[in-house]
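K.L.:
Listed below, chain by chain, are the residues.
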Amino acid sequence: MKGRSALRALVLGVVGAVVLTACGTGSTTPSGKPLAGKKVEIAAVWSKDEQKNFEAVLAAFSDKTGATATFTSTGDKIGTVLGSRIASNSPPDVAVLPQPGLLHDLAVKGSLKELDSATASLVSQNYAAVWKDLGTVNGKFYGVFYKAANKSTVWYNVKAFGQAGVTPPKSIDDATRVLTTLAASGVKPLSIGGADGWTLTDWFENVYLRLAGPDKYDALTKHTIKWTDDSVKATLRVLAALFQDQLIAGGRSGALQTDFPTSVSNIAGNPPKAAIVYEGDFVEGILTGTAHMTPITDFNFFPFPDINGSPPSVMGGGDVVVRFTDNPAAVELVKYLASPEAAQIWAAKGGFSSANKKVDLSVYPDPIAKASAQALVNAQVFRFDMSDQAPAAFGGTTGSGEWADLQAWLKAPNNIDAATAQLEKDAAAAYGS
Amino acid sequence: MSTTVSAAPAAGVDERLGRAAQAPRQEPKWNLTTVGFLLPAGLFVGLFIVYPVIATVIRSFFNRAGDSFVGFGNYGQVFSDGRTLHALQNNIIWVVIFPAAVTGLGVLFAVLLERVPYRLLIRTLLFMPMAVSLLASGVIWRIMYQQSPDTGALNAVIASVANAITHPGHYTGAAPSQPDLVQAVGDGYQLNQSLAPGDVAHVGLIRFPVAEIPASARPAQDPAPQPGKIVGVVWRDFKPGGGGQVGQVDPGESGLPDMTVQLVDPKGVVAAQTQSDATGDFAFGNLNGGSYFLVLPAQNFHPPFGGVQWLGSSLVTPAIILAAIWVWVGFATVTIGAGLATMSRDLLEAARVDGATEWQVFRRVTVPLLSPLMIVVFITLVINVLKIFDLVLAIAPQSVIPDANVIALQLFLVAFTGLGDFGIGSAIAVFLFLLVIPVMGFNIRRFRGGEA
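Same order as they appear, the protein sequences are chains A and B. For the first sequence, the numbering used here gives the first residue as 1, with consecutive numbering after it. For the second sequence, the numbering used here gives the first residue as 1001, with consecutive numbering after it.
Don't read these hints as lab results, they were simulated from the structure. Bear in mind the structure is a predicted one, so any value in this text is a computation, not a measurement. Wrong hints could be hidden among the right ones.
[To be verified] With a Cα cut of at most 20 Å, we get these calculated SDA-like pairs of lysine to any residue: (1) K159/A to G1082/B; (2) K425/A to G1082/B; (3) K425/A to R1064/B.
[To be verified] Derived contacts from chain B toward chain A, CB cut-off under 10 Å, selection only: (4) G1312; (5) N1405; (6) A1408.
Just so you know, even glycine gets a beta-carbon here, dropped at the ideal spot from N, CA and C.
Just chain B, with the same shape it has in the complex (with noise of 0.2 Å):
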C-alpha cells in the first residue's frame, strides 16, 4: 500500500512537488455537494480506520475477558513480560538494519543500473520478489535457510565449496569401541599404548553404518604378530545386539579397509603412514627399534559440511532481515531509479567538465539531489519494518520464535493464538500504533512539502 503512496513523489520529485503544495490554499467551501463527496469516503474511513483505532484504545485498558477496567494494567504486563521486550530488542535491530540496508542497496543499484545495458530486465528482476506475497516469500527462504545441504539451498552452496576443499573423510561419525583410542589432533584418533616391533595393534571402531563399508571390505581377523613389524587391524568392532567382546575381532565383524593408519614417534613426527587393507590389515616394516603411536589422521573422519544453522536462535533475526532485504530491494532500486532518471544530466556534466572524479558526482552531486527520494524510500520502510510480521511467523520454526519475535508477532501470538487475551493484544496494538505516528507525521509533513 505504502509503496503507490510513495511511488507518486518519486516520479514528481524534480517538478518540485512541495512547491506546489505550498501554493495559497482555498478554504474548503462546506456545502451539501461538498458533503455528498466526502460522505462515503468519511464513512470508510470512519468504519475501517477510526472506529477499529478508538476501539482498540478502550478495549486496551479491559481484562482478558473484557468485562472489567484494568486501567493501565495490561500496559504493565506488557512491558513487564521478557517476550515483549525481547520482541521489541528484535524491532530496534529490524529498524537501525533494514531501512538503511534497502535504501543503500536501492542507491547502489539504481546508480549502477544506469550504466549497463538491459536495465529494464534487471529492475523488473529486482522488483519482482514484491509481487510475491510476503508469506509465500517466507516459506521459500525457509527451505532456502534449512540447515541439512540436501534441502537447504544456501547450505547446499556452501558444502559444495567447503567439501571442495576439506575432503569428508570416508569414515565419517566413526567412533572407538575401545577406551584405549583416544581423541588425537583434530577429528583423528590415537591409540593410547606405545608399540614396539612384534606388537600388534587393535583399532575397533563403532557408529559407523554396515550400509557405508565399502564393497570391498572382507571379515577383519586377528592378524598374528610378525617379528620386527608393527602389524594391526581396524575393523567395525559392532556385533547385532551388542554381543561380541569389544576390542576383540569377533566372527563376522567387518575389516574397514582404505584406512590411513599413522606411526608416530614420541616426539610427534610421523615415522610411517600406510592404508588398511580388505580385511583391515596393516603393517609397517622397516622399522628401526624403538617405541611409536599408532594414529588415525583426521582426514579418516572429516564430517561433510553439516550446514550453517541459519534459524537457530542466534542467526535466525539476520536471516529473516536478509529475506526481507531480498523483498525490498526491488522497490527502493525502481523508486529511486525514477528519481535518478529524473535528474537534471546538466548538472552531472557540469560537475565531470569541473573535474569531479565519478565519485565525487556521486557524493557531492546524485545523492544531495536524491536525498529527498531517499528519504521518502526510508521513511516508507522504517513504517513497514515496525509492523514486520508475515515473514517472521513463515520463516523462524515455532522452536525459535521466541527468538525471532517481533512486536507484532507477539500481539498476534497474545490475541489471536491460546492465550485469547485482547486485553494485552489491544495494548500492544496501540504501543505499536504510537511507535509509528511519529515516523508517519514526518512523512505527512515531507508529502505536504513542509521541508521541499
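Chain A extracted, bound-state conformation (with noise of 0.2 Å):
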C-alpha cells in the first residue's frame, strides 16, 4: 500500500542501512541448544515498530536454539542492497521481501537457495496451497511466507447498516441489494476515494480477480492478455453498475474530488456521509486512530462479496522469507519463521496477519485482526496487488497509466471501450510490449 511504504521509507531513510542487532539474546549458551554460538542475519524493510515486534520474535528464536540472529534493515531499496551484497558475494544468510517480483528475479537468477524439504513439508501442511505456489519458481519451493496483508476488506458503518436493517452481503447480487437498501433509507451507500488513482486500481482488482479468476488476473498483471480483453470490459460494466451517482457521497464527480482519507473518515460521523468504504486492512488504523470508533460496535468489515459463486479470494500484500546461505542457523531460522509459534509471538502484538492455518486466531488482539487474518486462512485464491507489481509508470503514477485512465474512466462509466482503449494503450507503453 502507497501510504504505508511512503511511512516506511520516511522511517528507514531515518535509520539508513544501521545495523541493528537483536541485543542481549543468545549470548550464553547453555547445553542442549543445537545451534549455540551459530550466527544468522535477516535482512527486512520493516519499519521501526515492526522491526521491534520482529525482534522478539528472533529472540525467541535465539532461546529455542541458541544461535544468534541479526536484523539487518535495508532501507526502501531492498532490492538495491539485496544486489550489490550479492554481488560482493556477501548477502545476508535470510531476506524478507516484500515483492513477490523480486523473489521471481532473485530465483531466476540463481541467487536465492531452494529450501530444504523439511520447510517445504511444514509449509504445505501449515498453509494453503496457493502460498506455496506463490513461493515457488519453476518448480523449486524458495519463499515462505511470514506476513501477509487483506486488501479485500469491505468496511461499513454499523448503525448505518442497523438502521437500514442490512447485513453484509455475500455476493455482488446481495450488494446490489445492499446499496439499494441503504440508499433507501436515506444513507449515500458508497464513499470512493476517486481522488486518488489506486484505491480505484484496487476497486478494479477485486472485482476482476472473482469476475475473471485467477488465471486471467496472472495474465492481465504480466500483460500477455490485453486490457481491452472481453473480461477486462465486463469488470468494468460491473463497476460501472456499483458505481451510480445516487449509490456514492457526492456523486462520481464528488468522488473524484475525495481523496483516500476523507474517504476513510466519511463512514465515520453521526450521521456519517456514507455506509461503506472498501479498502485494505489499514482501514481499521484509520478508523480507530484520526476518526475515534471503536471496532465491532461503530464499525466492522466484510470480505469483498464474490461474483457468480467465485471461490474465497483475497487481494493483497505479502512478505516472503527467502534463503540466500546453506549456514544450518538459517535453514532452522526459516523453518522456524514457517511455524505457527514464530506468527503468533507478532500477530499478539497488533499490526500483523498470517496466512498460517495453524496459527491460533484468538491470539489477534481484537476481532477484527482477527477476522481479517481468518480470511487469509481460508482464501483459496490469493493474489497480490496488480497495480503494484506492474511497471510504475502504468500502475502508481499520478496524473497518468492506471490511475488516470481509471479517474477518467469514472467520469463516464459506461464509456467502457474508450477507457479500456486508453488503458491497453499505456500498459503497453509502459510494459515496453
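These two chains come separately, so use the hints to put the complex back together.
P.N.:
Spelled out as C-alpha cells, the structure:
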C-alpha cells in the first residue's frame, strides 16, 4: 500500500542502513541447544514498530535454538541493497522480501537457495496450497510467506447498516440489494476515494480477480492479455453498475475530489456521509485512530463479495522469507518462521496477519484483526495487488497510466471501450510490449 | 529570486538607470586580480548553471535508460503526447491572464494606496502572501476551495448567501418510493392520478435519514376516507431491511410532519394548501367537486447549497490562477508603488492645473511614466508563470492533475514520478528553457537600458 510504504521509506530513510542487532539474546550458550554459538543475519524492510516486533520473534528463536539472529534493515531499496550484497558475495543469510516480483527475479538469477524438504513440508501442512505456489519458481520452492496483508476488506458503519436493516452481503447481487436499501434508508451507500488513483485500481483488481479468475488475473498482471480483453470490459461493467451517482457520497464527480483519508472518514460521523468504504486492512487503523471509532460496535468489515460463485479470494500483499546461504542456523530460522509459534508472537502484538492455518486465531488482539486473518487463511485464491506489480509508469504514477485512466473512466463509467483502449495504450507503453 | 532582481530597477527607475549604463564602458582588463575575483563566482555559475543546462540538453537526446542516442525522438514524443499539449495549452492560459491581471491590479492598488491612510500597513498585508512558501499557499487554497461548504471557506461564504436567498427545505434528498409520484416543477413531486373529494392520497417517500425526521413525528396510519374531503398521508415508506409494501403504510413507518401539500386543479392553479400533521396526515375540505392533482412543492425539498466544485476539471485552472494572483499582487503593488513614490509630483500638478480630470491624469501622465516599471513587473511575472509548478501540484487533486497540468509539472511527473524518464523530462526542460529565453533576453536588454 502506498501510504504505508511511504511511511516505511520515511522511517527507514532516517534509520538508514544502520545495522541493529537483537541484543541481549543468545549471549549464553546453554547446553542442549543445537545451534549454540551459531550466527544468522536476516535482512528486511520493516518500519520501526515492525522491526521491534520482529526482533521479539528473533529473540524467541535465539532462546529456542541458541543461535544469534542479527537483524539488518535494508531501507526501502531492498532490491538494490540485496543486489549489491549478492554481487560482493556476502548476501545476508535470510531476507524478507516485500514484493513477489523480487523473489522471482532472485530465483531466476540463481541467488536463492531452494528450501529444504523439512521446511517445504511444514509449509504444505500449515498453509493453503496457494501460498506454497506463490513461493515456488520453476518448480522449486524458495519462499515462506511469513506476513500477509488483506486488501479484500469492505468497511461499513454498523449503525447505518442497522438503521437500514441490512446485513453484510455475501455476493455481488446481494451487494446491489444492500446498496439500494441503504440508499432508500437515507444514507449514501458508498464512499469512494477517487482523487487517489490507487483506490480505484484496488476496486478493479478485486472485481477482476473474482469475475475473470486467477489465471486471467496473472495474465493481465504480466500484460500477456490486453486491457481491451472482454474480461476487463465485463469488470468495468460490474463496477459501473455499482458506481451510480445516487449510490456514491457526492456522486461520481464528488468521489473524484475525495482523497483516500477523507473517503474513510466519510463513514465515521453521525450521521455518516456514507455507509461503506472499500480498502485494505489498514483502514482499521484510520477508523480507530483519526476517526475515533470503536471496532465492532461502530464499524466492522466484510470480505469483498463473491461474483458468480467465485471461491473465497483475497487480493493483498505479503512478505516472503527467502534464504541465500546454507548456514544451518539460517535453515533453522526459515523453518522457524514457517511455524505457527513464530507468527503468534507478532500476531499478539498487533499490526500483523498470518496466512498460516495453524496460527491460533485467539492470539489476535482484536476481533477485526482476527477476522481479517481468518479470511487470509481461508482464501482459496490469493493474488498480489496487480498495480503494485505493474511497471510504476502504469500502476503507480499520479496523473497517468492506470490511475488516471480509471479516474477518467469514473467520469463516464459507461464509456467502457474508450477506457479500455486508453488503458491498453498506456499499458503497452509502460510494459514496452 | 526575480523579486530582488527587478526590485532594483524599480527603486531607481526615475534616476534613469538606463542612461548610466549607456555611458562609455571601460574595456575589462584581464589580469590575475580580475580572474581571481571572478573565479569563485565563475565556478559557481559554471558548476550549478552552465553545466546542468548543457547536461540537460545532451540528456534530452538519449532514451529513458540514457544509453542510446535517439536524436529528436524525445521531442517528437513530447509534442505528440496529449498530456504535454494540454499542459502547454494551460501555460498559454496562464501567460495570457496572470501577468496582465497581476500588473493591472498592482497599478490599481498602488495608485489607490497613494490616497489612503495606513498605506504602509496595507502594503505590508498585501505583500505578506509573498512571504509564505508557495506550497503552503497551495495547501491553504486547496482547503479554501473544498467543495463541501463545511470545509471550504469559499463555498461556506457562498452557501451563507445562497441558503439565505433560497431556504433549504427540511426534506432535502427525499425521493418517491412509488412510481406514481413523479417529478414536478423544480425539485417538487406530483401524484400522477387525479383526486376527487372522498379520495385518499398515499405519498410515500424514501432516501430520508431516520436521524433527520422531526422529533414531533409519530407513526403514520392509513387515513380513512372522509366524504367531501381529500385526505392523505405523507410518510417515510421505508422498513429496515427493505421489507414492507411499497406505497402502503406499514406498521412502524413514521409520518413526515410539516410537509407543505398543495391541491392543484387541472389548469395548474393552486386550489388549496396545507401542512401535514405529526402522523403525516393532511386533509383538504371545502372543495367544490371536480378533480385535483396533489403536489408536494419544491420548497420542501430545496437542497442546501452544495458548493461549487472549484477543483473540478473545468474550474481548476482559473482557481489556481486566482490563488497565484493572490500571492503575487503584493509584489506588483509594492514595486509599482515604489515607482509611484519617486515620480515627480510636478507633472501631475501641472496636468491638474491644465484642467485634466483625475482619469486623464492617470491615463495620460501616471501610466506612461510608470510604463517602464510595469513592463519590468510584467516580464518578471511572465518568466515566473512559465515555470509555475508548486501551486498546481499543491492545489489540484490528483484526479484533475491532467486538467490542471502545466509544462513544469508535466516535466516533474515524467521525470521524477513512476515513469522516471529523464530523456523526455530533459526534452521538456529544454523546451521550457527555450520558451523562457526570449522573455529573459528582453528583460536583460531592459536592465541594460536598451530602451530607456
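K.L.:
Does each hint fit the structure? Answer for all of them.
P.N.:
Now for the hints, and whether the structure bears them out:
1. K159/A to G1082/B: violated, 47 Å
2. K425/A to G1082/B: holds, 13 Å
3. K425/A to R1064/B: holds, 18 Å
4. G1312: holds, 6 Å
5. N1405: holds, 7 Å
6. A1408: violated, 13 Å
Going down the numbered hints, you'll see the structure goes against 1, 6, while the others check out.
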